[in-house]
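Chains as they are written, first to last, in full-length UniProt numbering: chain A, 1 to 888; chain B, 1 to 144.
Wrong hints could be hidden among the right ones.
With a cut-off of at most 16 Å between alpha-carbon atoms, the simulated EDC-like pairs for lysine to aspartate or glutamate come out as follows [claimed, not checked]:
| no. | chain 1 | residue 1 | chain 2 | residue 2 |
| --- | --- | --- | --- | --- |
| 1 | A | K594 | A | E644 |
| 2 | A | K74 | A | D126 |
| 3 | A | K94 | A | E114 |
| 4 | A | K551 | A | E467 |
| 5 | A | K497 | A | E467 |
| 6 | A | K682 | B | D11 |
| 7 | B | K114 | A | D692 |
| 8 | A | K210 | A | E63 |
| 9 | A | K682 | B | E20 |
| 10 | B | K19 | B | D35 |
| 11 | A | K641 | A | D581 |
| 12 | A | K344 | A | E318 |
| 13 | A | K682 | B | D13 |
| 14 | A | K682 | A | D714 |
| 15 | A | K313 | A | D329 |
| 16 | B | K2 | B | E30 |
| 17 | A | K689 | B | E24 |
| 18 | A | K806 | A | D796 |
| 19 | A | K689 | B | D112 |
| 20 | A | K310 | A | E287 |
| 21 | A | K689 | B | E16 |
| 22 | A | K387 | A | D329 |
| 23 | A | K313 | A | E327 |
| 24 | A | K689 | B | E20 |
| 25 | A | K689 | B | D35 |
| 26 | A | K348 | A | E314 |
| 27 | B | K114 | A | E693 |
| 28 | A | K682 | B | E30 |
| 29 | A | K682 | B | E16 |
| 30 | A | K313 | A | E287 |
| 31 | A | K682 | B | E138 |
| 32 | A | K344 | A | E287 |
| 33 | B | K114 | B | E16 |
| 34 | A | K791 | A | E817 |
| 35 | A | K74 | A | E63 |
| 36 | A | K341 | A | D320 |
| 37 | A | K166 | A | E178 |
| 38 | A | K100 | A | D236 |
| 39 | A | K363 | A | D329 |
These are calculated hints, taken from the structure and not from any lab test.
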Amino acid sequence: MTKTIYQDDYKQRFHSLIQDAPFSAALFTGDDLTVEMANAISLQIWGKDKSVIGLPLLEAIPEIKDQYVFEQLKNVYLTGQPYEGKEHTAWLNKSGVLTKIFVNIVYQPIRNDEGDVTGVFAVGHDVTDQVSSRKELEASETRARVAIESAGLGTFELHYASGKSKSSARFDEIFGFETGAPHAEYVKRIHPDDLTTRNIAHQQALTTGKLEYQARVILPTGITRWVRINGSIIFDEKHEPMHLIGTALDITEEVTSFQKLRESEEKFRTLISETPEIAVGLYVGREMRIQYVNDMMLQFWGKDASIIGKTWKEALPELDGQPFFEELDNVFATGRQFTSKETKATLKRNGKLEIGYFDYTFKALKNLNGDIYAIHHMAIDVTEQVKSKVALVEREGSVRRLFEQTPVGIAMFKGESFEVEMVNETLLSYWGRPRYEIINRSIWDAMPELVSQGIKAIAQNVYHTGESYTSGETPVSLLRHGLQETIIVRFGFQAIKDWQGNITGVLAIANEVTDLVVARKNVEKNEMRLNFLANSMPQVVWIADSDGQVKYYNDRVLEFAGAKQNDDGTWIWEGILHPDDLERTNTCWLTSVKNLTPYETEHRVLMRDGSYRWHLSRAYAYATHEGTKWYGTATDVHDKKVLEMGLEAIVKERTLELQRSNDDLQQFAHVASHDLKEPVRKIKTFSYKLQDEYKNVLTDRGNTFVNKIINAADRMNAMINGVLNYASMPSSSNKFELVDLNATISNVQNDLEILIHEKHGTITYHALPSIYGIVDLIHQLFYNLINNALKFSKKDIPALIHITAKKTVVNDQQFCEIILTDNGIGFNQEQAEQIFSTFVRLNSKDQYEGSGLGLALCKKIVERHGGMIRAVSEKDKGAQFHILLPSP
Amino acid sequence: MKKIVLLADDDSDDYEIFKESLHEADCATELIRVDNGEGVFEYLSTSRPRPDIIFLDLNMPVMSGWQCLAKLKNTSVYREIPVIMYTTSSHYRDAEIAKDLNAHGLITKPSDYKLLTQVLKRIICTLGSDDLGSAIHEAYLITQ
Numbered sequence: 001m002t003k004t005i006y007q008d009d010y011k012q013r014f015h016s017l018i019q020d021a022p023f024s025a026a027l028f029t030g031d032d033l034t035v036e037m038a039n040a041i042s043l044q045i046w047g048k049d050k051s052v053i054g055l056p057l058l059e060a061i062p063e064i065k066d067q068y069v070f071e072q073l074k075n076v077y078l079t080g081q082p083y084e085g086k087e088h089t090a091w092l093n094k095s096g097v098l099t100k101i102f103v104n105i106v107y108q109p110i111r112n113d114e115g116d117v118t119g120v121f122a123v124g125h126d127v128t129d130q131v132s133s134r135k136e137l138e139a140s141e142t143r144a145r146v147a148i149e150s151a152g153l154g155t156f157e158l159h160y161a162s163g164k165s166k167s168s169a170r171f172d173e174i175f176g177f178e179t180g181a182p183h184a185e186y187v188k189r190i191h192p193d194d195l196t197t198r199n200i201a202h203q204q205a206l207t208t209g210k211l212e213y214q215a216r217v218i219l220p221t222g223i224t225r226w227v228r229i230n231g232s233i234i235f236d237e238k239h240e241p242m243h244l245i246g247t248a249l250d251i252t253e254e255v256t257s258f259q260k261l262r263e264s265e266e267k268f269r270t271l272i273s274e275t276p277e278i279a280v281g282l283y284v285g286r287e288m289r290i291q292y293v294n295d296m297m298l299q300f301w302g303k304d305a306s307i308i309g310k311t312w313k314e315a316l317p318e319l320d321g322q323p324f325f326e327e328l329d330n331v332f333a334t335g336r337q338f339t340s341k342e343t344k345a346t347l348k349r350n351g352k353l354e355i356g357y358f359d360y361t362f363k364a365l366k367n368l369n370g371d372i373y374a375i376h377h378m379a380i381d382v383t384e385q386v387k388s389k390v391a392l393v394e395r396e397g398s399v400r401r402l403f404e405q406t407p408v409g410i411a412m413f414k415g416e417s418f419e420v421e422m423v424n425e426t427l428l429s430y431w432g433r434p435r436y437e438i439i440n441r442s443i444w445d446a447m448p449e450l451v452s453q454g455i456k457a458i459a460q461n462v463y464h465t466g467e468s469y470t471s472g473e474t475p476v477s478l479l480r481h482g483l484q485e486t487i488i489v490r491f492g493f494q495a496i497k498d499w500q501g502n503i504t505g506v507l508a509i510a511n512e513v514t515d516l517v518v519a520r521k522n523v524e525k526n527e528m529r530l531n532f533l534a535n536s537m538p539q540v541v542w543i544a545d546s547d548g549q550v551k552y553y554n555d556r557v558l559e560f561a562g563a564k565q566n567d568d569g570t571w572i573w574e575g576i577l578h579p580d581d582l583e584r585t586n587t588c589w590l591t592s593v594k595n596l597t598p599y600e601t602e603h604r605v606l607m608r609d610g611s612y613r614w615h616l617s618r619a620y621a622y623a624t625h626e627g628t629k630w631y632g633t634a635t636d637v638h639d640k641k642v643l644e645m646g647l648e649a650i651v652k653e654r655t656l657e658l659q660r661s662n663d664d665l666q667q668f669a670h671v672a673s674h675d676l677k678e679p680v681r682k683i684k685t686f687s688y689k690l691q692d693e694y695k696n697v698l699t700d701r702g703n704t705f706v707n708k709i710i711n712a713a714d715r716m717n718a719m720i721n722g723v724l725n726y727a728s729m730p731s732s733s734n735k736f737e738l739v740d741l742n743a744t745i746s747n748v749q750n751d752l753e754i755l756i757h758e759k760h761g762t763i764t765y766h767a768l769p770s771i772y773g774i775v776d777l778i779h780q781l782f783y784n785l786i787n788n789a790l791k792f793s794k795k796d797i798p799a800l801i802h803i804t805a806k807k808t809v810v811n812d813q814q815f816c817e818i819i820l821t822d823n824g825i826g827f828n829q830e831q832a833e834q835i836f837s838t839f840v841r842l843n844s845k846d847q848y849e850g851s852g853l854g855l856a857l858c859k860k861i862v863e864r865h866g867g868m869i870r871a872v873s874e875k876d877k878g879a880q881f882h883i884l885l886p887s888p
Numbered sequence: 001m002k003k004i005v006l007l008a009d010d011d012s013d014d015y016e017i018f019k020e021s022l023h024e025a026d027c028a029t030e031l032i033r034v035d036n037g038e039g040v041f042e043y044l045s046t047s048r049p050r051p052d053i054i055f056l057d058l059n060m061p062v063m064s065g066w067q068c069l070a071k072l073k074n075t076s077v078y079r080e081i082p083v084i085m086y087t088t089s090s091h092y093r094d095a096e097i098a099k100d101l102n103a104h105g106l107i108t109k110p111s112d113y114k115l116l117t118q119v120l121k122r123i124i125c126t127l128g129s130d131d132l133g134s135a136i137h138e139a140y141l142i143t144q
């Protein structure tokens, strides 16, 4: 009862003091830590409502299970030791979202009167915001990562919205990447058969929040690894997946050993027969661990079942030095089945070394991945058969064996008829006849084709004279297996004498060298063909050793001075190059020889006729079985080269001519600007004088003529100015620089002061940018545009010109668009293109003077700057000029 | 005191027009004409009165107007004499060159001799005064 009173008391105190406290406070009682009380902040932190009160903690906050904060709580309850901790992580399910928070906690045990712990009072303070300072978070994550990495786990993160992924080095390594790659690349490495598994797992993870699957990964090396992927998805408030965080573990060993086990079991059911004759064994791994052998095998080996589980070397040490270990290893390495017959094995049976003979096979067993994991061994004891055979052979005698085994053809002929007494297999194979057709017959009857080829005569001579005979490489035509064939043999005859010295027969020894000779002949033929080919080429062809020494020239070298032919037909060339090319050529060649880089140079070679001709020499190094060889050519490029050099000279000359003609043109422009204008001006001056001083003397008609002369001279002057400006434009300074348009307009304004005044003009502009251009031309451009605008202003309205500018991008290039708007007479939009053509006038000369070149010049200037100009207008509504000039 | 005006121009017509215009300007002036730049220095080397102003044509044989201008401005004793380039050219660049070479200004030979009369009158009247500069600039703009 005291307990209850105590708790009630506590409850009251709790309610009065803590219910509205600005921190979390809760009371857990009993072994299951029932939530006895929890204040508002607690519920808020837990993301739960009042309904959890009265529930055991793990029911109230199931996600807290296994979390540190819970473990500590439990600990406090069990030990009675208070606990205080800072910045502990807690994952809490807040309205369906697993949220990470950081809390500072104090757990205080609550005891009854007897001092037994009956509950825990927990005070918590949510410090997530403070702790979330990025660095801290990263540091703790790094620590976690290190822990994970050291466990061999690879980690990855996938951000769903952006599709971006991040992975640890170990994760990359598991997937066979050296550095990180886009998420899709990792997916590509997954075995096609496991992709469905992977996709389903990912699909499910979107609902469960947990990702778990196993899949094979195919590495770039072709090796297949098993990988287990675990992960969890973090959802946002709307339960949309935000992040996927997970790990990858290489579980190949696990999977394969499991597979091996299963495979081996399966294999055994099918492979192992109960036939008492056949011995069967299965050895796993490169070290040939004996996984299974049947009784027969144990009997063959003279061992008992204790050897199962040992390696071959441990179980059968006596086989060391015999071929079996190597054979097994070989089968395991290559996968090729090994079969052997009547093979001797020395085995230790019951403590004694015994010899046995066996027919056996070693067969490699492969797992699902196609990797070899074991060897299957089947053997039959053939000792008895072999023993009886060996006995037979031994009776035959060693001489005969030697005779048979010689890889040289040997035969013994008896008597003058050359009856075949003995012939070995080698010679029979040369002859292409079975033994029974030959043996005990006269060779000349058995093989009549030998007679006609003079061999009988030679053999009989040996028989009669006793002098041995040895042939060179002799082609012999034989009927082999029914086919007429020619083989090349070296053969010898030797007389056989009895103990009295009488010749009783002839010993023949033959060695077929057909392949050898054919090969040699082919080489010779090839060389000859190559030589023909080389000599038929229109170039000098040469071959040099790796040290640069030339060892071969084709016949073309004859055309070079200093070429000599040796007795054997080979050429040597004590070459002479033009002195100006010698050093360059040597450097080039030695550099190539040193670095094994292709050699290519042009030089003059002294020819037989004493002239130097340009040659293009080229050589490439090739690795041959005799070491590096240089294969080179020298091609006569003299005519081409001379032509090229001629062309160069011509181009140079033409350029100079063009320069001169340009200079002339400028000279002309200069002369024209001053001298052409001079007389025009004088015509005007004297016309004015005539008008002034003789006005009264002249009739009205005469005065009209004078006026016309003045007008015509005016126009001529304007024309000359226009043409000059237009013609001299390209030759003006080419210097592109920053041009401040404000300064330019200001200068133009000064120049046109009088005209502006006359037209009551106003030019408005504000903070124009600088452009990149040629100062003079830009001045000219705006001079002409403003001049035009003033000239074509309406008669009785003050001329208003407004200039604005803005930046614009055309074809990725920065431009400045300048817009010049006037309130003049304008023109029809259809004519907007025309106005930029030379000598086009839209208005009568009488009303508006002008050369018809002003805007043409403007266009030319703008185009020179790589810009564009266009006009927008409507008759009587003013005009707008848009000019694009390069922005700096 | 008569103002001495020195004109270097190889063109007799232009000389005639200049002479008449100066006469009509009705200022007390004495006009001396030489054929080219060298003539300017020949005149200056005599003991005759120093000119109050020099007008230089650009295109002249032997020594051009530019050469003459440069030489005048590089000779300390002549540096202070006002020089006006008097040319057919109406290129704004020439006006800049003239300024760069320390000429007092540039006047384009006008086709209207009455305009020339006006211009000369104003220039001669302002000789020696502070208004000379602005008079020449006006002349440049008018004759253009």
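Okay, the hints, checked on the actual structure:
no., hint, in the structure
1, K594/A / E644/A, "32 Å, violated"
2, K74/A / D126/A, "20 Å, violated"
3, K94/A / E114/A, "39 Å, violated"
4, K551/A / E467/A, "46 Å, violated"
5, K497/A / E467/A, "12 Å, holds"
6, K682/A / D11/B, "11 Å, holds"
7, K114/B / D692/A, "10 Å, holds"
8, K210/A / E63/A, "14 Å, holds"
9, K682/A / E20/B, "14 Å, holds"
10, K19/B / D35/B, "14 Å, holds"
11, K641/A / D581/A, "14 Å, holds"
12, K344/A / E318/A, "13 Å, holds"
13, K682/A / D13/B, "8 Å, holds"
14, K682/A / D714/A, "11 Å, holds"
15, K313/A / D329/A, "12 Å, holds"
16, K2/B / E30/B, "6 Å, holds"
17, K689/A / E24/B, "13 Å, holds"
18, K806/A / D796/A, "32 Å, violated"
19, K689/A / D112/B, "8 Å, holds"
20, K310/A / E287/A, "9 Å, holds"
21, K689/A / E16/B, "12 Å, holds"
22, K387/A / D329/A, "29 Å, violated"
23, K313/A / E327/A, "13 Å, holds"
24, K689/A / E20/B, "11 Å, holds"
25, K689/A / D35/B, "24 Å, violated"
26, K348/A / E314/A, "13 Å, holds"
27, K114/B / E693/A, "12 Å, holds"
28, K682/A / E30/B, "24 Å, violated"
29, K682/A / E16/B, "11 Å, holds"
30, K313/A / E287/A, "8 Å, holds"
31, K682/A / E138/B, "23 Å, violated"
32, K344/A / E287/A, "23 Å, violated"
33, K114/B / E16/B, "13 Å, holds"
34, K791/A / E817/A, "24 Å, violated"
35, K74/A / E63/A, "15 Å, holds"
36, K341/A / D320/A, "20 Å, violated"
37, K166/A / E178/A, "14 Å, holds"
38, K100/A / D236/A, "12 Å, holds"
39, K363/A / D329/A, "11 Å, holds"
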